[in-house]
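Now for the letters of each chain:
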Amino acid sequence: MAAVETVPREIGQDFEFGEPRRWVRTLVWVMLAFFGIHLLATIASVLVNSFAGQWFDTWLPTSWTLRWFSQSWTEFGLSQVLPVTFFVGLVVVLVSLLIAVPAAYALARSQMPGKKYVLLALALPVIVPTITYGVPLATLIYGLGLGGQLIGVILINLVPAVPFAILVLTPFMEAIDPRIEHAARMCGARTATIFRRIVVPLLRNGLLAVGIMLLVRALGTFDLTFLVAGPDSQTLVVALYYAVSAAGFRVNQSIDAMAVLYMATNFALLAFAFRYVNPARMMARSS
Amino acid sequence: MSSPAAAPPKPRRSRVKQFLARYDRAALLLLPALVFLVALFIYPMLYGVQLSLNPAEGGPFSNYVEFWSDPFLRDSVWFTFRLAIPGTLINVAIALPLAVLMRGRFRGKQFIASALIFPIVLGSVLIGKGLLNYLGPAGWLNRTLETLGIIDQPLVLTGNYWGVLLAIIIADLPFVFLLLLSYASGLDEDVEKAAAVHGAGPWQRFSKITFPLLLPGLVTTTALAFVLAFGTFPSALIVGDPSGETRTMGIAAYRAAFQDFDYSMASTVSMLMAAIELLVVAIIFALRRRVHTPTT
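Just so you know, the sequences run in chain order W and F.
So that you can map any letter, position 120 of the first sequence is 120 in my numbering, and since no number is skipped, the others follow by simple counting.
So that you can map any letter, position 49 of the second sequence is 49 in my numbering, and since no number is skipped, the others follow by simple counting.
None of these hints come from the bench; they were simulated from the model.
It should be emphasised that the depicted structure is a prediction, and the values quoted were computed from it without experimental measurement.
Backbone N, C-alpha and C fix where the C-beta goes; we use that ideal spot for every residue, glycine too.
Treat the hints with caution; some may be incorrect.
Claimed, not checked - Only pairs whose alpha carbons sit at most 25 Å apart, straight line, appear in this in silico BS3-like list of lysine-lysine:
id: 1; chain 1: F; residue 1: LYS193; chain 2: F; residue 2: LYS109
id: 2; chain 1: F; residue 1: LYS208; chain 2: F; residue 2: LYS193
id: 3; chain 1: F; residue 1: LYS193; chain 2: W; residue 2: LYS116
id: 4; chain 1: F; residue 1: LYS193; chain 2: W; residue 2: LYS115
Said to hold, decoys possible - Chain W regions said to be covered by chain F (calculated; three or more residues, Cβ under 8 Å):
id: 5; region: 79-92
id: 6; region: 124-133
id: 7; region: 175-185
As the list claims (entries may be wrong) - Take a look, some chain W residues computed to stay more than 12 Å from chain F by CB distance:
id: 8; residue: SER45
id: 9; residue: LEU98
id: 10; residue: LEU107
id: 11; residue: GLY114
id: 12; residue: THR193
id: 13; residue: SER245
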């Protein structure tokens, strides 16, 4: 710190650049408030409407009720939709990780030729719009007779999930010191043992982060599920979409009740995830 | 898109052996992922190309000709860009100053970051439904503006272009911000400290040091923001006017497949959509190479 003290005073004051200037800070808060007010109002309008008894041309509903929640539960068959949603989400996460962990290991450790092309090929499903491969893939899935079935929904959701998991896990894998594995191997451990006892435990944070991100994506991915889902294989977000697009036949409030249930589910998952991983730090490591 | 095994072999035999010897056993672990990629992504894409070249009537390229000659289909390209380009620029413009400031230390920083990331949990369908309520003719926004005497007639913000643009901003900004934040927080502070010691003011430090260093990350982020906005599908259906001015390419493809059951035309639209998007991403990255890149 001695060097800092020799800096002329006027520069030294400017040196504290941890702290942005006051007007800059004020501007940020104003921008954020503008964004935040509209965002909160958007969410609140759904929330308030889901509890509204009667709401015509007033600021707030004139009466309140809970009946939309029970009504949407039966009307949209949520007792079936919710288990399907969680089942699809969990299977997608597990299968993606099973494929992605070995692949990320290979990409992190091996200096094989053509690695660049593999990475590029893996990036493609993440960057092209879902609908572009979704439409031909859905056509294929219907052709195989899997349309409207759970397996079709799972397959189509795996397409963006697996490459995404590989790409995010690879830097986590690179951060593991290979010398630990060499040491284990010298002591006689086999590859399977190394995976089970060393790689997976060291990868715990990365696995958790990727798993949660995959789950949120699988729950929120609308387009792909929408293309292949049948009445028995709808996930929550697709049921929600059908409710919104068929509005007029449905009671507006019961749609919003479902939307609130959807938001609560996602929020609970993310709150759980963020207790374990800091998203900003995680992204920093993955890029 | 070649797998390592399909990489071009060297002309002489011994070279082939040498080449194969460079694959250790770890490369085998990549096999399930490659099989997956070929079966569920590459094959469907090729199948899509093949479908698009086999229309119900006419020659192999008649679908492509029809796409560019039928205004109903052709205009979807324009509608997509009209949403995607402003959406991308607005998202990057909001995220850039915020991400740069997040490197500093000030009160409420954690709160701002969480508030910006929060919309990730909402999902596009919920955002669409919320915007329908909030921006609708009897929604809180119009009600507030009318009470304040700013407008006489309710603003029409749903069922048209504006609703979808707002949905793009709310839904995609968190991802754009997160990615840019990761690049910004990865920059070396010492360079800026050195500049500060030499008397550079905050604006000079930003324009001469932080911004050039951040440029490669900014380009990648812009590409991601474009990709997200280009693929907008549910909000264009819900808050937009899917038969009119928000009939994006995604909607055109979906309609062709599942309303007209013309899978060949649906594949044509899909392939064109992928090609156009990749072209734009390639242009973004090509521009990056043309601008000066710092060596640190």
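Tested hints:
1. LYS193/F / LYS109/F: holds, 21 Å
2. LYS208/F / LYS193/F: Measuring from Cα to Cα gives roughly 13 Å; hence the hint holds.
3. LYS193/F / LYS116/W: It is violated: about 36 Å lies between the C-alpha atoms, which goes past 25 Å.
4. LYS193/F / LYS115/W: violated, 38 Å
5. 79-92: violated (count 0)
6. 124-133: holds (count 9)
7. 175-185: violated (count 0)
8. SER45: Check fails; 4 Å does not lie beyond 12 Å.
9. LEU98: The claim breaks: LEU98/W does not keep its Cβ more than 12 Å from every Cβ of chain F (closest is about 8 Å).
10. LEU107: For LEU107/W, whose nearest Cβ neighbour in chain F is about 7 Å away, the distance does not exceed 12 Å, so it is violated.
11. GLY114: About 4 Å separates GLY114/W from the closest Cβ of chain F, which leaves it inside 12 Å; violated.
12. THR193: holds, 15 Å
13. SER245: violated, 7 Å
The structure does not agree with the numbered hints 3, 4, 5, 7, 8, 9, 10, 11 and 13 stated previously, though it agrees with the rest.
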